[in-house]
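The whole structure should be built from the sequences, with the hints applied where relevant.
2 protein chains.
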Amino acid sequence: MRNSFDFYNPVSLHVGKGKIAKVASLIPPFSKVLLTYGGGSIKRNGIYDQVKTALKDFEVIEFGGIESNPDYHTLLKAVTICKTEKIDFILAVGGGSIIDGSKFIAAAAKFDKDPWTIIIKGLPIKEALPLGAIMTMPATSSEMNNGGVISRRDRKEKFPFFSLVLFPQFAILDPTVVYSIPKKQIGNGIVDCFVHVVEQYITSTDNYKITDRFAEGELKNLIDLAPALMGKDIPDYEVCADYILTATLGLNGWIGMGAVQDWAAHKIGHELTALEGLDHAETLAIIYPGVMHVMKEEKQEKLLQYAENVWHITKGTDEEKIEKGIHLTEQFFIQVGKKVHLSDYNLGQTVIDIIVNRFEARGSVLGENGIVTPKHVRKILENRL
Amino acid sequence: MRNSFDFYNPVSLHVGKGKIAKVASLIPPFSKVLLTYGGGSIKRNGIYDQVKTALKDFEVIEFGGIESNPDYHTLLKAVTICKTEKIDFILAVGGGSIIDGSKFIAAAAKFDKDPWTIIIKGLPIKEALPLGAIMTMPATSSEMNNGGVISRRDRKEKFPFFSLVLFPQFAILDPTVVYSIPKKQIGNGIVDCFVHVVEQYITSTDNYKITDRFAEGELKNLIDLAPALMGKDIPDYEVCADYILTATLGLNGWIGMGAVQDWAAHKIGHELTALEGLDHAETLAIIYPGVMHVMKEEKQEKLLQYAENVWHITKGTDEEKIEKGIHLTEQFFIQVGKKVHLSDYNLGQTVIDIIVNRFEARGSVLGENGIVTPKHVRKILENRL
Chain F
0 MRNSFDFYNP VSLHVGKGKI AKVASLIPPF SKVLLTYGGG SIKRNGIYDQ VKTALKDFEV
60 IEFGGIESNP DYHTLLKAVT ICKTEKIDFI LAVGGGSIID GSKFIAAAAK FDKDPWTIII
120 KGLPIKEALP LGAIMTMPAT SSEMNNGGVI SRRDRKEKFP FFSLVLFPQF AILDPTVVYS
180 IPKKQIGNGI VDCFVHVVEQ YITSTDNYKI TDRFAEGELK NLIDLAPALM GKDIPDYEVC
240 ADYILTATLG LNGWIGMGAV QDWAAHKIGH ELTALEGLDH AETLAIIYPG VMHVMKEEKQ
300 EKLLQYAENV WHITKGTDEE KIEKGIHLTE QFFIQVGKKV HLSDYNLGQT VIDIIVNRFE
360 ARGSVLGENG IVTPKHVRKI LENRL
Chain E
0 MRNSFDFYNP VSLHVGKGKI AKVASLIPPF SKVLLTYGGG SIKRNGIYDQ VKTALKDFEV
60 IEFGGIESNP DYHTLLKAVT ICKTEKIDFI LAVGGGSIID GSKFIAAAAK FDKDPWTIII
120 KGLPIKEALP LGAIMTMPAT SSEMNNGGVI SRRDRKEKFP FFSLVLFPQF AILDPTVVYS
180 IPKKQIGNGI VDCFVHVVEQ YITSTDNYKI TDRFAEGELK NLIDLAPALM GKDIPDYEVC
240 ADYILTATLG LNGWIGMGAV QDWAAHKIGH ELTALEGLDH AETLAIIYPG VMHVMKEEKQ
300 EKLLQYAENV WHITKGTDEE KIEKGIHLTE QFFIQVGKKV HLSDYNLGQT VIDIIVNRFE
360 ARGSVLGENG IVTPKHVRKI LENRL
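If you read the sequences in order, they're chains F and E. Counting with this note's numbering, you get residues 0 to 384 for the letters of the first sequence. Counting with this note's numbering, you get residues 0 to 384 for the letters of the second sequence.
No lab work stands behind these hints: they were computed from the structure. Only true hints are included.
Listed below are the simulated DSS-like cross-link pairs for lysine-lysine, each with C-alpha atoms no more than 30 Å apart in a straight line: (1) E:K314 to F:K320; (2) E:K320 to F:K314; (3) E:K320 to F:K219; (4) F:K42 to F:K76.
Computed footprint of chain F on chain E; a stretch qualifies when at least three of its residues, placed anywhere within it, have a C-beta under 8 Å from a C-beta of chain F: (5) 0-6; (6) 11-24; (7) 200-209; (8) 213-220; (9) 234-241; (10) 246-260.
Each pair of labels, with its calculated beta carbon distance range: (11) E:K42 to F:D5: 24 to 34 Å; (12) F:A227 to E:Q299: 20 to 30 Å; (13) E:S24 to F:Q299: 36 to 46 Å; (14) E:Q299 to F:Q334: 25 to 35 Å; (15) F:E307 to E:K85: 56 to 66 Å; (16) F:E307 to E:P28: 47 to 57 Å; (17) F:E307 to E:T204: 23 to 33 Å; (18) E:D317 to F:Q299: 32 to 42 Å; (19) E:G39 to F:Y178: 52 to 62 Å.
Ideal placement from N, C-alpha and C gives every residue a C-beta, glycine not left out.
What follows is the structure, encoded as structure tokens:
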């Protein structure tokens, strides 16, 4: 049965070479702007200069140094600046971590109580500073959705949050930013986007046929674009443009409309990042193939559809097609530079026990319709030893 | 080269059985509502009663009788009501004609000068009454876009209009509305949506790969869903749900992002409707195959991609694949009950001459990048004799 659903996404999207110069026209005049960014790559690749030039008529306070898997305590410093400096608008320049972190800053700046309660108690976020995004690292769609994930290293925890008030007002996508992204990060972005899509797609035949078709299109594009993106040469503008738009549409709500969704690999992966510091995409490249193997029976029909429609596998029994689809997925992650086993990072039974215990203690069930119990989590992780 | 583009679509979408009851929560409290609808089918199928029940706490003035290809003079009567009754909100209940017409009412109600100048001079529409849509006839996406088409029978003219202020605030899609739609209208809707998609897709290889994939998904769905929709039995809820969502996403801007677009068949078809009264979809079923035949060289690469990716044609030379793709398109239109030649409507050289003269007099060039001249229009129409 197709799910009933409500959908809303008011983010204005501005795509193309040179669009960063337009940012001044998208921020309300006379705003006091907090410019948030990461470790400084935007200073090396020229994006910082483009942004500063575009914002020359605004009062701008900078907050750099937001790390990958943005840390709660780092973000609190920016929250203080928002309050003391009476910031009107946050402009996030970076990848998913910067934009996610900036969403948290935007919410916490308008929140009177302990901001960690937003995360841990899932308190509704009813107000936030307005936010815009210049996306420099295609991967997460954070620039065009209303969620984020932040980490708390002092507790080795990583959790998501959402609110209708956290959609960026605008997202600027200049494909030329892709030219200078290191290949490791490109590979991370491809895996991240790929797994975002399958989390929404390889679940139930109850999903709408049109979101299935869109999801298959996303996956086929990532597969088609990967060789040029990962090759030695700087990719063509067309490849970068196709990639940046594909990534933004992977988790902006379009392919998730009414969809039965999984997200088990993400939730397990967040634990692995929080405990061991692996990149988000590195955890997904390990864990998602495990989900496919262990939940094969429950996901049978969609795994077959995936094998046939995404990998164009036409020969063999249904079981053989499914196996080949899983194998090609793992090979694809390897092709874009990822390792696919825990042992590749010298991880083993110890971390598995900690993660399973955490899910047991929380009473968590994961996956579509709660089909992934802590016992399945153990099997999934042991599949990846 | 991928086009730079800006995209924005703030329509909130509410999809599922029973969603019509939600309409009261989507209209600002204490609004005085103009309820617009068509010839009365909503009174026979129960939708009118559902809407009236949902709106019981609002002051509602009704304006029924909006015709297919909504007429300027009909709509002006509603504009007068909006002004004299101080209407706050327009709720359109119907198909594309009702919603298009209601958009014109919304714009003209806030326009001081002669409203026809909006259409004929393309004056910018800077203000409009807020509008919501309950969609009862999947086809045009008018419920989720910012354009419309209206007719002026006294001049035998039909023209489009657009504005950023004409997005409905919300669109409600209840799949069960499809149960009672006559097969002729279902066939019209399928052809209408199909041609909307190819107008955005069968043009240039400059288009983004992801919008190409989404467009191919739309077309494949329409082809897959047509037998159940057109069959003797009332289609399953799943089929109706897949169809209603596919239709809404066909022209809501998603697959048109950055796309080189055609629209020659629509512009020629509008003339045929204005002059001879054919349904919009009837004109498209005749003319679009003519566009494919006559513009075959210019559209060669995309026609080949279409044949391979939509119709899964794998055998033959490129030329043979393209021919087969065109043939299957025409057969598909016939399968859903449409005639595909002018002579099927006893039309011939006379109307061709009038249409070509109109485009010559206006100095119009049509199609992607203006490649369709009045001479091509003649060839396209003569191909359909």
